[in-house]
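Chemist: With the hints as your guide, set chain B onto chain A.
Residues per chain are reported as follows:
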Amino acid sequence: MRMPLQVPQIILAALIAAFWGLAAASPNLDFRQLAGDGLLRIGMNGIFVLALVPPLRAGLGINFGLPLGFIAGLAGVVTAMELRQRGWSAGGWPEFTLAAALAVTAGAALGYGYARLLERVQGQELMVGFYVGLAAVAAMSIVWLIAPYRSPELIYPIGGQGLKQTIPLEGHFEKILDHWGWTGWPEGEPLAPGAARAPAEARPLVPAGLLGCWLAAGLALAGFLRTRAGIALSMAGGNPRFAHIAGAGVPPMRRLAVVLSTALAAFGMVVFVQSLGLVQLYKAPLGNTLPAVAAILIGGATLKRATVLQALVGAIFFQLLLVVSPPVINDLVQRYSAGRESLRALENLPDILRVLILNGFILYALTRGGPEEER
Amino acid sequence: MTSPLPVVELRRIRKRFDQNEVLRGASLSLFPGEIHALIGENGAGKSTLMNILFGMPVIHRTGGYEGEIRIDGQPAEPRTPEQARALGLGMVHQEFQLIEGFTAAENIKLNREPLRGGLMGRLSSLCGGRLSRLETLDRRRLRGEARAALTRLGVEVPENRVIGELPVGHRQFVEIAREIDRRQVRALILDEPTAVLTESAAELLLRTLRALARSGAAVLLITHRLEEVKAVADRFTVLRDGEVVLSGSVAATSLETMAEAMCGRSLRADPRSGSAAAEDGAAIQGGSNPSAQTGRPLLLKLENLQVDMPGEAVRGADLEVRAGEILGIGGLAGQGKAGIAGGLFGLYPARGRAWLEGAPLPLGRPREALRRGLAFLPEDRRGTGLWLEETLALNMASSAMLVQGRFLRWPLLGPLSGLDRKALSRHARRWIEELDIRCEGPQDRPIRLSGGNQQKVALARVLALDPKLLFIAEPTRGIDIGAKERILRLLRDRNREKGTTVVMVSSELEELRQLCHRIAIISAGQVAGILPAGASPKEFGLLLGGKRRKEPDR
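Top line first, the protein sequences correspond to chains A and B.
Per this note's numbering, the first sequence starts with residue 1, numbered consecutively.
Per this note's numbering, the second sequence starts with residue 1, numbered consecutively.
Looking at chain B on its own, in the form it has when it is part of the complex:
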């Protein structure tokens, strides 16, 4: 398999965005005829590496990269996608880059349409080709060539149908057909091509990729589905924190080893040992056995929750939250972990059933949810979590004022009662002190504060409600380490002292393991499994990689 000359060779690629080093000398080589899987968690640097290879403008806008790219042994430096294509690379992006109103054939041959010559053709050649944009298309040849490209993939796609009418699976094939239709394509890069596909379409795609590789092309498959890697890839490379941590032959490596490599670093063997959460965690958990949670009363139950959140669709999630626990919700980006709370609170259309303390809870009715003791701090802090232009005092008191009728001067007037501005200020001052919010006082506005301080203001709003169950999404994203510690400690204290149940959504597994008693991993829009915080990195890796747990723990 290892023919002497790789088609693509990346050597010690380094890339930083401002202070943030995302690639630290990653190397990778791709040989003709192989399927190479590039595996890694979100933020491991996969996409950046591919953007560098494909000459995406974002790389050069942010100061370029270090290292060397060789194509067919020759140094190359693609600065635009066009140059990368000219070098024989093809890329299928995660988001389809197709024109909805054009047919499949037109999309495949876009900008490379066969022309008919004819009158305009002759006129154009008289002008030295400058009128080529006005020449007539040879539609029959266009269809024929598109057809041929699709046949080479071994799929049946009606090439005359408009893209908008085709199922998602077919669109993916149109994308691939467009890339391989260019004769000189020798390396095809696919960014999570199966993420949007149904199981059968995904299988067909994988078969297609194998056929493509047999015909001599090199295929680089970016994915985090380990079973897929096992099924089609010849070799693999695991990227973690911008470095290659493991690479080799797929046949000789077990799934578990790959999973461990994928999220090994981020997980210490037992994050709780020595931490304040340890004893408390053990007490609640009864060791590391999550089923011990069943001893506590059921607080919230979700059944077959489906949420139409763009990019984070939830497809039938079942979840039980027990009173007094801290439940983590983790998973890779795009798998649906962000959609659950958003659907419950009506930020996105949702279906399914929910019960709070045994009584049905209608979805998408935040006022009722708030009244019954639920509170939600969304991940989109600036857009949804705060009213940036209003005062801190009003931000902090808003929910308590609107839903619980607090901070009002004449509460008997109902909606026409005025605000008690003094009480509002007092309340704000208390929280500013308690959370150490750096600001100029209650009349300051969140828009002027740093991310960490903004998050504390947003947190004060939900804590002011004194909720039974607090949903909190990505509470530490984009904030400094001091604020992060403080927020996590605050959540833990609330849980311990007031018995507030917390459901925390986070893309940082390490953070979840520090704080939570149990962690639910969401994959493909469903709960793939629930693990105790002390579970091994391997177990988490397997769930993240889309492998369902054999024994359901409910």
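Chain A extracted, bound-state conformation:
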């Protein structure tokens, strides 16, 4: 717990550094764009990883119910957009703030209900959480269809009801955090695939606002964990029987952990959406849970203990690895498979690797941090 970086993390760091070295050395790859991508993705997904910390510390294991928070976040965003359309809010920062406030409120409320459910299934939080996530996304798909949103931007043009699958955030608070950043190397080569964007819209190399928001959330969480409530929460996870007789109040602390996690996930979704520039509804929120889980595990957390630092480091490692490995491998394959048909099958390798890294880490952590390792 005291040593944030253990052997697996050091090996990983070396691997990541090697990949980035290859990327820098390759003439075919745009290092500047890759680096920008990596930093952007760290900021976009980082808060999701942080959201996993409180339940892990409270002894609830990995919160596979994160989609509940994502749903709350999306609801906050679309509601804020609708309210803006009706003239109840200005665009830009007020709208973003409103979306975040609505998201956190909804996340806390959903989280509380979810926490009460988890109390009844003690010992099976992981599995139940997983299915709660799936079920909530499915249920919410119906809600998106019938909810009384009116704004033409949001709903299907034909039929006049039901939110669209994908809603662009243009003119609302698209990239409001990202834009507040350091552009760096302005005379760099043109951004090859993203060149469709107007140069003025070109995103900064270091999305300082986004990363700052992520780090601020991490600092706030770390600060909370050092307060009386935070210590009681960690105690409830570290040794529930001790926590019980010492007066920490185990069930309330577990509830608090789930509420915090869901609210953080909701806020994280607002940040994610502003960076993506799109609101993706229906089944989209399901895709964000496993990467977050893999990230915190890569950071060195186990089912029994997790720190904010591990969540921060994990987010960095995971995204850096994910961003750089497919193009580098692709590049290598292209360069060395020239003329050899048999290697053409390796084209899919990057995607396979992505899945392997993600699920492999989850599997690895689930098998070693399991309950049978307790004392």
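It is possible that some hints are incorrect.
Said to hold, decoys possible - Which residues of chain B face chain A? A few of them, derived with a C-beta cut under 7 Å, are: (1) 363; (2) 366; (3) 367; (4) 398; (5) 402; (6) 403; (7) 404; (8) 410; (9) 412; (10) 415; (11) 418; (12) 443.
Rather than coming from a laboratory, the hints here were simulated on the basis of the structure.
Since the structure is predicted, the reported quantities are computational estimates derived from the model, not experimental observations.
No residue lacks a Cβ here, since even glycine has one placed at the ideal position from N, Cα and C.
Modeler: Below, chain B without anything else, positioned relative to chain A:
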């Protein structure tokens, strides 16, 4: 009765686990047709002796034993339970060894099922019996034989019912039926068979045992219920500290003599004489009369407390704790002494009523109990008493910080106030010095400390609360003698100087008698009686043995 050849003869059996000698030359012989009672306190060596006789693997894993076992006069050395069974021994363990989802009949005939022959039977015999596991069972015969075994016991148990649906008493009979169903069983060993039974079921069991003995089997009954011994046994052996201290005919020996033999050594006539507690004890107690305690105000009252602690169930205990006293809670393992505090603090589901200083105290709400001046140091030091991976400083301050809001930097922020790490360290350093805790300082972790030092850290947590009433369970278990003395002295000083009321649960009667003013003995989940510390070993023995005091002292 003493036919010339004993079925089982144990001669000068010795056994040590590491440094600990648990059997020091115990001998015992068991004759056909008799019921022999083996009596002793917890830890006297009864179970070890039986494990040796029954070839339990734990004995051989730990280096075997010395001495000789003779069965029917022939030297024998059972190394596995199967070998012991082949020698004609049967054993009924304290924990049932039955398969819940099988019927009673299937359990009785387990692994000895009659087979039907048929196609698989013929195939199997062609292969030299190697396929016997695949043969079909002859269910009718299986039922019939199980039925016969149960009838021999003289009990009505529906043999076709699944074990899980049978009451506990019936399960016990199924266990016994399984053991006697093997034709060659000539000696049956029962380990506290009545401990889990209701009174009527226990009576039926005892009658069954008598019938079994009449039919020629030898029965060895391990028990600590002296009245049971008196009721059924022909002869008895008392084991104490691994030695046989008394044996003979039950008819010729009084209950009191057995009780005294059972816990005689451990109790000096008056443990307080000469000790520092003597004058003080006399002052509080008004001599050795426990009723003098009624002069002090009532602090805690428990009424009909029932606690579902596995293995230590409390079944309707009533207890009064008076302000300023040290009350001991003693009793044999499994009788429920450990469950009382655990139930009060919600470690186990509990029912009943409690009052603290006259106001009702809800059960299982440790925060409220702590806030109102109760503190609890559980017996499970490593699992419950400490947060092993955290610092000593946080362990010691945790309750005071959580419940009383001490050691906080901005207390006005409530739950969001930060820890005052400096105050935490200061506090820890003070206790480390006061209790002489061997460690590397406040940032050390309990997981690295020895048992005695761990206990001191755990103690510091509850003492930091400055409680009115301290519940402390097995404070000296598994720790060295120096730490033990220090902890007991600390409790006594706290009681005398600050007037802290202490309720101490311990399985060591001697320790309770040294420290406490009064001692409540728990038996069968209830308070069997409360004795002054100076009461005679005989009185304690009788209460431990399950005999209720005639005159309630409340």
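Chemist: Each hint needs a verdict: does it hold in this structure or not?
Modeler: Quick rundown of the hints versus the structure:
no.: 1; hint: 363; verdict: violated, 13 Å
no.: 2; hint: 366; verdict: holds, 5 Å
no.: 3; hint: 367; verdict: holds, 5 Å
no.: 4; hint: 398; verdict: holds, 5 Å
no.: 5; hint: 402; verdict: holds, 5 Å
no.: 6; hint: 403; verdict: holds, 4 Å
no.: 7; hint: 404; verdict: violated, 9 Å
no.: 8; hint: 410; verdict: violated, 9 Å
no.: 9; hint: 412; verdict: violated, 12 Å
no.: 10; hint: 415; verdict: holds, 4 Å
no.: 11; hint: 418; verdict: holds, 6 Å
no.: 12; hint: 443; verdict: violated, 10 Å
The structure fails hints 1, 7, 8, 9, 12 (numbered hints given earlier, in ascending order).
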